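Sequence lines, in order, name chains A and B.
With the first letter of the first sequence counted as 1, position 64 gets the number 64 in the numbering used here; the numbers rise by one all the way through.
With the first letter of the second sequence counted as 1, position 140 gets the number 140 in the numbering used here; the numbers rise by one all the way through.
Calculated directly from the structure, the hints in this document are not laboratory data.
Small disclaimer: the values here were computed from a predicted structure and weren't measured.
Beta carbons: idealized from backbone N, C-alpha and C, even for Gly.
There could be a bad hint or two in this list.
Ranges between beta-carbon positions, derived for each pair [unchecked claim]:
| # | chain 1 | residue 1 | chain 2 | residue 2 | range |
| --- | --- | --- | --- | --- | --- |
| 1 | A | Thr-116 | B | Leu-86 | 42 to 48 Å |
| 2 | B | Leu-86 | A | Lys-63 | 44 to 50 Å |
| 3 | B | Pro-177 | A | Thr-65 | 56 to 62 Å |
| 4 | B | Arg-286 | A | Trp-136 | 21 to 27 Å |
| 5 | B | Pro-205 | A | Gly-17 | 49 to 55 Å |
| 6 | A | Pro-182 | B | Pro-205 | 43 to 49 Å |
| 7 | B | Leu-22 | A | Ile-62 | 50 to 56 Å |
| 8 | A | Thr-65 | B | Phe-141 | 38 to 44 Å |
| 9 | A | Thr-116 | B | Ala-209 | 32 to 38 Å |
| 10 | B | Asn-174 | A | Lys-131 | 35 to 41 Å |
| 11 | B | Leu-280 | A | Trp-136 | 22 to 28 Å |
| 12 | A | Lys-131 | B | Ala-13 | 42 to 48 Å |
Simulated pairs of lysine-lysine, PhoX-like, Cα-Cα distance not exceeding 20 Å [stated by the list, open to error]:
| # | chain 1 | residue 1 | chain 2 | residue 2 |
| --- | --- | --- | --- | --- |
| 13 | A | Lys-67 | A | Lys-194 |
| 14 | A | Lys-33 | A | Lys-249 |
| 15 | B | Lys-295 | A | Lys-118 |
| 16 | A | Lys-63 | A | Lys-131 |
| 17 | A | Lys-119 | B | Lys-197 |
Derived list of chain A stretches under chain B, where covered just means 3 residues or more per stretch with a C-beta under 8 Å from a C-beta of chain B [said to hold, decoys possible]:
| # | region |
| --- | --- |
| 18 | 35-47 |
| 19 | 90-98 |
| 20 | 137-143 |
| 21 | 201-215 |
| 22 | 219-232 |
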Amino acid sequence: MTNNPHISVQNLSVEIGNQQILKDISINIPNKKVVSIIGPSGCGKTTLLKSLNRLLDDTAEIKVTGKVFVDGENIYDPNAEVTHIRKKMGLLSQRPYPLPMSIYDNIAYGPRIHGTRKKVVLDEIVETQLKATGLWNEVKDRLNAPATRLSIGQQQRLCLARGLAVEPEIILGDESTSALDPVSTSIIEDLFIKLKEKYTIVLVTHILRQARRVSDYIIFVYMGKIIEFGPTEEILLDPKQELTREYVKGYIS
Amino acid sequence: MTSLRLLKDKVYAKIMLIFTILSVAVVLVIGIGLYLKSVPVLNKISLYTLLTSSVWKPLKGLFGFFPFIMGTLWVTAIAIIIALPLCLLTSFFITEYTPNQLRKILVPFVNLLSGIPPVIFGVWGVLFIVPLIQDHIAPHFVEFSTGYSVLAGGIVLAVMIFPLIVSIVCEVLNTIPKDLKDASLALGATKWETIRKVSLRKAKPGIIAATVLAVSRAFGETIAVLMVCGNNADVPHSVFDPGYPLPALIANNYGEMLSIPMYDSALMFAAFLLFIIILLFNVISRIILARLERKLAL
Chain A
1 MTNNPHISVQ NLSVEIGNQQ ILKDISINIP NKKVVSIIGP SGCGKTTLLK SLNRLLDDTA
61 EIKVTGKVFV DGENIYDPNA EVTHIRKKMG LLSQRPYPLP MSIYDNIAYG PRIHGTRKKV
121 VLDEIVETQL KATGLWNEVK DRLNAPATRL SIGQQQRLCL ARGLAVEPEI ILGDESTSAL
181 DPVSTSIIED LFIKLKEKYT IVLVTHILRQ ARRVSDYIIF VYMGKIIEFG PTEEILLDPK
241 QELTREYVKG YIS
Chain B
1 MTSLRLLKDK VYAKIMLIFT ILSVAVVLVI GIGLYLKSVP VLNKISLYTL LTSSVWKPLK
61 GLFGFFPFIM GTLWVTAIAI IIALPLCLLT SFFITEYTPN QLRKILVPFV NLLSGIPPVI
121 FGVWGVLFIV PLIQDHIAPH FVEFSTGYSV LAGGIVLAVM IFPLIVSIVC EVLNTIPKDL
181 KDASLALGAT KWETIRKVSL RKAKPGIIAA TVLAVSRAFG ETIAVLMVCG NNADVPHSVF
241 DPGYPLPALI ANNYGEMLSI PMYDSALMFA AFLLFIIILL FNVISRIILA RLERKLAL
């Protein structure tokens, strides 16, 4: 489908305990596009997303087989260095989880970890990323206030800004708007559309309207398997598989 | 039928109220009782002298509690200084790094430690810690030490409060959402960076609460400390000096030599003092905790 995949998943299987969560997943995720992973709850969407930056590593009794190439590097190679892989990908989780520190420190957290110490540089990163997520005017006077004082919608944008501050190439969103009100949701969706100029974006969503609005491609996952992968319009309006058709029409959920 | 159920509800509510009041009242009764018992010595000697004098000569009617207060503070401080870093590292290891199977072995082991009777810790202290200090640690720093010292008391106490702090801090760490830690990891932070900058900060109020509990317990711990501290009524000037904490003073002397005038009352004052120290400590730490929680807006 694409000549130049940014992420290439090959024969990925994930088992937790005795349960097979993902079965032999292979997919190429194109560069600088928005790809939505849709499917009923419990189908393995989130597991698939988290396998892309190895956040599953700490799960108890987990077994991952297969390969995931990011920029041509297999991240499940025993010699792969995990912090460097994760730095490439910003994660936006279901609910905003601001770190227990000030707004400023939340954004400066990543750059500081990766060695940026100069105040001038950090100041600039904070301002740039807050502007990129449209928060700057709302918070510029209280950068030292605890991040938890922000509204939920603002917190989620802060989390996005925090992720962008480490200069990732990929953004992973795990139902990132499910805890938000409609206005905040559409702000985040607009941000995704704007950000795809510079980033490859992979979103997990259970809202078809959202998948339609923001994504270029859709992956439909059912019972741990990829049923169908294609351009958004095709999946939503003219799916090739019966299962996809039933899901899109709302017969299975 | 309905009225009977409602009546039962009311009766049980009342019974629960009575028992709650009773248990709270015990604290007050003990406090007042100790105060009344220590009135005779307070009438004879001023509070200021009692607290600041270092002269302890019961036969001459001189009761200075300063050495005992200092003994208590030294031993407790040493215990916390030793225990806290170890406890934090242990808790982080158990909650963040230990695989499931190993955790199932480690946690009961830590809990078992809290089930060991204090007197066994005392014996262990006498047989192991005291000679260790006398022969191997003290000679590097001071000319002479018998090993019976506030350091020995502190080490024994540290081991005793260890399981208490570890189990509370583990509980606190387990309540930190995985997604919060993931947020830090996803930015490319290592586990250690995540622990140090995120988990530790988030768990701070819980860690302080655990420490408060442990300190309260350490203040009152008697038998194990009494066996290794040397029980010498002088103010300790180094960790290798013997000390004489308040609980040890009471346990060693109450019931004996009570024919000495005022001695009984003086020991009751010691108990009252201990009671007040623990009370004050708890009140102050509660205030600090409340401030901290407000500041962090957790």
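Hints and how they fare:
1. A:Thr-116 x B:Leu-86: 42 to 48 Å: Violated, since A:Thr-116 and B:Leu-86 (Cβ atoms, about 34 Å apart) do not stay within the stated range.
2. B:Leu-86 x A:Lys-63: 44 to 50 Å: Given a distance of about 34 Å, which is not inside 44 to 50 Å, the answer is violated.
3. B:Pro-177 x A:Thr-65: 56 to 62 Å: At roughly 29 Å between Cβ atoms, A:Thr-65 and B:Pro-177 fall outside 56 to 62 Å, so the hint is violated.
4. B:Arg-286 x A:Trp-136: 21 to 27 Å: Check failed, 40 Å falls outside 21 to 27 Å.
5. B:Pro-205 x A:Gly-17: 49 to 55 Å: violated (34 Å)
6. A:Pro-182 x B:Pro-205: 43 to 49 Å: The hint (43 to 49 Å, Cβ to Cβ) is violated, given that A:Pro-182 and B:Pro-205 are roughly 35 Å apart.
7. B:Leu-22 x A:Ile-62: 50 to 56 Å: Once the Cβ atoms are compared, 52 Å apart, the range 50 to 56 Å for A:Ile-62 and B:Leu-22 holds.
8. A:Thr-65 x B:Phe-141: 38 to 44 Å: violated (58 Å)
9. A:Thr-116 x B:Ala-209: 32 to 38 Å: holds (35 Å)
10. B:Asn-174 x A:Lys-131: 35 to 41 Å: holds (38 Å)
11. B:Leu-280 x A:Trp-136: 22 to 28 Å: With Cβ atoms ~48 Å apart, the hint is violated.
12. A:Lys-131 x B:Ala-13: 42 to 48 Å: For A:Lys-131 and B:Ala-13 the Cβ distance comes to about 58 Å; the hint is violated.
13. A:Lys-67 x A:Lys-194: violated (30 Å)
14. A:Lys-33 x A:Lys-249: violated (25 Å)
15. B:Lys-295 x A:Lys-118: With Cα atoms ~27 Å apart, B:Lys-295 and A:Lys-118 exceed 20 Å; violated.
16. A:Lys-63 x A:Lys-131: It is violated: about 41 Å lies between the C-alpha atoms, which goes past 20 Å.
17. A:Lys-119 x B:Lys-197: This hinted pair holds, its Cα atoms lying about 19 Å apart.
18. 35-47: violated (count 0)
19. 90-98: Since 6 is at least three, the answer is holds.
20. 137-143: violated (count 0)
21. 201-215: violated (count 0)
22. 219-232: That given contact is violated, which follows from only 0 residues of the region 219-232 of chain A lying within Cβ reach (below 8 Å) of chain B.
Violated hints, listed in ascending order, are 1, 2, 3, 4, 5, 6, 8, 11, 12, 13, 14, 15, 16, 18, 20, 21 and 22; each of the other numbered hints is respected by the structure.
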